[in-house]
Amino acid sequence: MRYTLITANRNYSSWSLRPWLLMKALGIPFDDRLEQFSKPDNYEDFRLFSPTGQVPLLIDGERRVWDSLGITLYLADRHGGIWPEDQDAQAFAQCIVAEMHGGFGALRNDCTMNVGVRVEPKPMSQALQRNVVRVQEIFEEALLRFGGPWLAGPSFTAADAFYAPVAYRIRTYGLKVGRGAEWVERIIAHPAMKDWETQALAEEWREESHEAELREAGTITQDFRNAR
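Heads up: the sequence shown runs through residues 107 to 334, numbered per this note's numbering.
Since the hints were made in silico from the structure, they are not lab data. These numbers come from a predicted model, not from an experiment. A couple of the hints might just be wrong.
Derived Cβ-Cβ restraints for the label pairs, each shown as a range [what the hints assert, rightly or not]:
no.: 1; residue 1: 251; residue 2: 139; range: 31 to 41 Å
no.: 2; residue 1: 151; residue 2: 193; range: 13 to 23 Å
no.: 3; residue 1: 207; residue 2: 169; range: 15 to 25 Å
no.: 4; residue 1: 255; residue 2: 226; range: 38 to 48 Å
no.: 5; residue 1: 308; residue 2: 277; range: 13 to 23 Å
no.: 6; residue 1: 315; residue 2: 110; range: 24 to 34 Å
no.: 7; residue 1: 321; residue 2: 168; range: 39 to 49 Å
no.: 8; residue 1: 231; residue 2: 184; range: 34 to 44 Å
no.: 9; residue 1: 291; residue 2: 157; range: 30 to 40 Å
no.: 10; residue 1: 194; residue 2: 321; range: 39 to 49 Å
no.: 11; residue 1: 240; residue 2: 325; range: 23 to 33 Å
no.: 12; residue 1: 157; residue 2: 325; range: 38 to 48 Å
Keeping only pairs whose Cα atoms sit at most 25 Å apart, straight-line, the calculated BS3-like set for lysine-lysine is [unchecked claim]:
no.: 13; residue 1: 282; residue 2: 228
no.: 14; residue 1: 300; residue 2: 130
no.: 15; residue 1: 300; residue 2: 282
Ideal placement from N, C-alpha and C gives every residue a C-beta, glycine not left out.
Make the full structure from the sequences, and use the hints.
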């Protein structure tokens, strides 16, 4: 039976991007169902299909699998390629995925994902500076230890999918990540990422709370999105 993956707006939803990109990149077939962020709080609407009131959600027959990490672990039990085969690379990939899933609060809050714009950010808080430094450390260690071109070596894995939203944030806000910029350019050029971005730029709707977060982050210098 074919999976169904429920996601939200391409422009905003970083959590949706992770399993969507992972499945696309690894050729795992699924039906793509998009639920729009139509208001500041979509909890009650999303509770109709998701126990957490959030996306992403994977449907496999009668089974519901939620949370980007939960979906990734579920898929890893059923499909190859989610994690690297090399044990050192696998351990590293699993650690940085867990770190991204549970951390980087300042990066999430101060640099919300918005694929279609470019922003001149306000001066960074100390917490955000620390997050950006840590991202640079991860990227540079990954490329040095495992030789690239992906974060855990020669093949695209869950590590790349989990940091893909960070690549958009780095581009949107002009964040500096040293040699990690090589990986940022590479993943943004991935065919599945280009597909996601094309859909994001074509979206005609805006959700005001997400737009307010963007304005709070700094000054919008370019907006490539389709105007409603």
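Here's how the hints hold up against the structure:
Restraint check, residue 251 to residue 139: a C-beta distance of roughly 38 Å satisfies the suggested window 31 to 41 Å. A hinted range of 13 to 23 Å is violated for the C-beta pair residue 151 and residue 193, which are about 43 Å apart. Take residue 207 and residue 169: their Cβ atoms lie about 21 Å apart, and the range 15 to 25 Å holds. Remark: the range hint 38 to 48 Å for residue 255 to residue 226 is contradicted by a beta-carbon distance near 30 Å.
Separated by about 18 Å at the C-beta atoms, residue 308 and residue 277 satisfy the suggested range of 13 to 23 Å. For the pair residue 315 and residue 110, the supplied restraint of 24 to 34 Å holds, since their beta-carbon distance comes to about 27 Å. Checked against the hint of 39 to 49 Å, the pair residue 321 and residue 168 passes, with Cβ atoms roughly 43 Å apart. The beta-carbon spacing between residue 231 and residue 184, approximately 41 Å, falls within the hinted interval of 34 to 44 Å.
Restraint check, residue 291 to residue 157: a C-beta distance of roughly 38 Å satisfies the suggested window 30 to 40 Å. Under the hint 39 to 49 Å, the C-beta atoms of residue 194 and residue 321, about 43 Å apart, fit the expected range. Taken as a hint, the range 23 to 33 Å holds for the pair residue 240 and residue 325, whose Cβ atoms sit roughly 26 Å apart. Checking the proposed 38 to 48 Å range against residue 157 and residue 325 shows it holds: the Cβ atoms sit about 39 Å from each other.
The straight-line distance between the Cα atoms of residue 282 and residue 228 is roughly 14 Å, inside the 25 Å bound, and the hint therefore holds. Restraint check: the Cα-Cα separation between residue 300 and residue 130 comes to about 11 Å, which is no more than 25 Å; the hinted pair holds. At roughly 22 Å between alpha-carbon atoms, residue 300 and residue 282 fall within 25 Å of each other, so this suggested pair holds.
Comparing the model with each numbered hint stated earlier shows that hints 2, 4 do not hold.
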